[in-house]
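Engineer: Sequence lines, in order, name chains Z and D. Here numbering that gives the first Met the number 0 is used: position 348 in the first sequence is 347, and no number is missing along the way. Here numbering that gives the first Met the number 0 is used: position 276 in the second sequence is 275, and no number is missing along the way.
Calculated from the structure, these hints are not laboratory results. From a predicted model like this one, the values you see are computed outputs, not experimental measurements. We put the CB at the ideal spot given by N, CA and C, even for glycine. Any given hint might turn out to be false.
One-sided excerpt, in silico: chain Z residues whose CB lies under 8 Å from chain D [claimed, not checked]:
(1) 12
(2) 16
(3) 106
(4) 120
(5) 126
(6) 235
(7) 239
(8) 343
(9) 344
(10) 352
(11) 365
(12) 374
(13) 380
(14) 383
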Amino acid sequence: MSPVADACAACLHRSWLVGALSGRLETVRARIFAVLALADGELVRALGVDSVASLGPPGPEALAESARGAGLSALCRCSARYPRSLRDLAAPPAVLYLAGDPDRVLDALAGEVVAIVGARRATRYGHRVAERLGDALTSAGITVVSGMALGIDGAAHRGALGRGDGDGDGDRDRDGDGTGDSIDVIEAEAEASTPARAPTVAVLPGPPGEPYPPSHRRLHARILASGGAVSELPPGAAVRRWTFPARNRIIAALATMTVVVEAAERSGSLVTARVARELGSSVGAVPGQVTARMARGPNALLAGGARVVRGPEDVLAALFGEDPPRLAALEPPRLPAHLQALLDALSDGEGTARAIAAAGLGPSGGVAALAELELAGRLRRGAGGFEVVP
Amino acid sequence: MLSRVATFAIDGVEPRAVWVEVDIHPGLPAFTIVGLGDAAVRESRERIRAAIQNTGFEFPARRITANLAPAFMRKEGPGFDAAIALALLAASGQVRSEHLLDFAVWGELSLGGELRDSPGALAVAEGASRAGVRRLLVPRSRAREAALVEGLEIAGVSTLRQAANVLGGGEIPALPPPSRPQGSPGERPDLTDVRGHATAVLALEIGAAGGHNVMLEGPPGTGKTMLARRLPSILPPMTHEEAVSVTRIHSVAGLHGDGLLGERPFRAPHHSISPAGLVGGGSPPRPGEATLADNGVLFLDELSEFGRAALDALRQPLEDGRVTIVRGQRAISFPTRFMLVAATNPCPCGYAGFEDRCVCAESDLRRHRRRLSGPLLDRLDLLVDVGRPSETELRGPPVTSSAQSAARVLAARERQRARLAGTAVRCNAELTAGLVRRHVRLDGAAERVLARAYACGSLSARGRHRVLRVARTIADLAERDGVEHGDVLTALGLRQRGPTETELAA
């Protein structure tokens, strides 16, 4: 996998110009979409710069060089491989920088793409739903894009990457004793029949090779390993406030459908939804409790006509019509009765102790059953209890 | 003229022998006390002067020097008053001195000449016994406490006059009658008071049986404190040595005055406590909550609210079973072997994992988790969720009684003692890696479960070691030598999660 370098001089110049004006763009971030749509000359004048020369020596070649040096691909608007969906924007990024395997990423972006976005300060509910959506959609072969931000974005990417890292091969137990290891056998069968996942792509507010936010460093690495990250910002560019709505427009453009999971009234993800609507793409929203602050955004979108998303089935129905064929692989392997009962009780929202009682298990057996479910990857320790892995 | 009296100082919680020497010479009237006394000792002069005069003795108008030997050791507190006063009376011929050296003397004096109630009598009595003294003169209110030490004849006196009589060869007064026993057995916290909470009770029982520390996690008001308070009731009864040690520590801290303490201590400091309050400190160094909980239970409610400094200060006590406090050139050591129970809310709003009522954002949860310090979590072997019992559970019978649970715990402890005889280790929680390898034998199915948990990343190496120790205790409670598959699963289900173990994904 070698980086693609297909950016013409004019586009590189534009990319450099936007970078040089980055500080001034910050002052007009309320109108960033309109400003980015201006041609080079108008852009410079609108930002109150006398001449381009005053911005310093032009650096398009340096840009191309630094992209190459950082192992990034660079595609300009004129390139044949530039994602077609981005051209629908009033201001498509002049150069799209890409980290990861360019073939895999560009193929993924050319297929079915769904964006999952939402608040940073998301609740447990939002995290769970976003993760489940990400998992189900990539399992069904649909590429998931998001912004890799804290909260919903991160959860969506994690779900899209799949539960766990899939590295525990040495523990597969070739059952011979007939006791209690039924989980292993069932899971082994399920593993064999799961088709390969679609990748996930992150659209960053800064250079694609650098994780933003920094705390998502490991997630970023995992995303690059199987998918990739894209951005309109070259290596060395600073993350500024205008770069967030700017990247949100890219997310909206790349996706056939944008799903907002949770958002407060002034969340950036609502900007993404607005751009999606303006581009004529489908907008979906996950309903929340009417008393919840984080549900106000999605609930308002629903009131405004967005499609309700109660689960991956609704997304697939929106994309493919009412009879989506791809859900068979999503069914989890069957569990022994007592474990299933415990799992069901926990899914219903019961606390640990009540769920154990509801499953008819004694304290010692109940605790042991929790451990079995955790080992089987169906449960995870969360704050205050165990969470069902979506 | 010179006379000497034996007395004792309390260094931390340990007694140290001190000689009081009083010398009276002609010269300008002066009364000096030397021997590195602190402010209380310097003030002794006024108390002694007034006490002697008010008792009807004469305070000599001569040059009086009192020395507290050994001279390099700091002397603290008013406990030397009585000894200095009696030595002074002997040196001035007002009290006969033939029997002076048969006794050790200890206690504070009031201005009126009474011997005041002073903390630490048991420690002094232990010191006297060790030093080979056969008779001890102490304030009457502390006579019974001192009498707990065998082989000593205790003279409990109320006034300086009585003390002088006894030292002059008079009869030793009888011990005062014992005061009413504190608290009837029926009031003692018992597991029969608990309804529901089956998993939490199981965790406490496993903890008690193997010496494993327990963390209770759950929303406010679910009964975590109530459960923690019942842990002492299922721990094995104290041995005589343990009871004496506990009584001595409480006596020195001024908390107890009468008879041997029969119950294991339960200390529940508020989370605003300072590091010194928690592990000991101050000048003179006094025992902290961790020492008051020695041989008992230390309960930290709202663990995340405790100050960082206070929690960090607990590291050495938890690691070594002792805390060493350095003051100037002295190092004082207090014992700190307690069982730790911690209670915490799962998140800042308190309701995470509870019917979707949690309103915290992910960043709040992370921040809350970070407040629970790593090394402390490392010492809490067991983690159990405590929730609201259902209506049925509340109306139903208790899960078990303290008596039944204590019997199981005792039997399990016996197995451990027999198995670990000859080692320095007393219970499963203290097993070293080598001892684990030798004594924790897993059957095939158990090995596979453990290997799987380790391979899929759910356990750190240290976590794995902990699971083995807990599984050993669970097998002991079931009275088995071999450790089975179910034991390992239960141990896995109750395990504490370290900071790295919960954050598998980026």
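Engineer: Holds or violated: the hint that residue 380 of chain Z contacts chain D, with Cβ atoms closer than 8 Å.
Structural biologist: Given a least distance of 5 Å, the restraint on residue 380 of chain Z holds.
Engineer: Does residue 352 of chain Z hold up as a contact with chain D if the rule is Cβ-Cβ below 8 Å?
Structural biologist: holds (4 Å)
Engineer: Was the hint right that residue 235 of chain Z lines chain D, CB cutoff 8 Å?
Structural biologist: violated (24 Å)
Engineer: Given residue 12 of chain Z was flagged as interface, is its beta-carbon under 8 Å from a beta-carbon of chain D?
Structural biologist: Nearest chain D Cβ about 36 Å off; hint violated.
Engineer: Could you check if residue 120 of chain Z really has its C-beta closer than 8 Å to a C-beta on chain D?
Structural biologist: holds (4 Å)
Engineer: Can residue 343 of chain Z be said to touch chain D, with a Cβ gap under 8 Å?
Structural biologist: At 15 Å from the nearest chain D Cβ, residue 343 of chain Z fails the 8 Å test, so the hint is violated.
Engineer: Can we keep the residue 365 of chain Z interface hint, with Cβ of chain D closer than 8 Å?
Structural biologist: holds (6 Å)
Engineer: Double-check residue 383 of chain Z for me: the hint is only fine if its C-beta lies closer than 8 Å to a C-beta in chain D.
Structural biologist: holds (3 Å)
Engineer: Let's test the interface hint: is any C-beta of chain D closer than 8 Å to that of residue 344 of chain Z?
Structural biologist: violated (12 Å)
Engineer: Identify whether the interface hint at residue 374 of chain Z stands, where standing means a beta carbon of chain D within less than 8 Å of its own.
Structural biologist: This interface hint holds because 6 Å falls under the 8 Å limit.
Engineer: Was the hint right that residue 126 of chain Z lines chain D, CB cutoff 8 Å?
Structural biologist: holds (7 Å)
Engineer: Are residue 106 of chain Z and chain D close enough, Cβ to Cβ, to be under 8 Å, as the hint says?
Structural biologist: violated (25 Å)
Going down the numbered hints, you'll see the structure goes against 1, 2, 3, 6, 7, 8 and 9, while the others check out.
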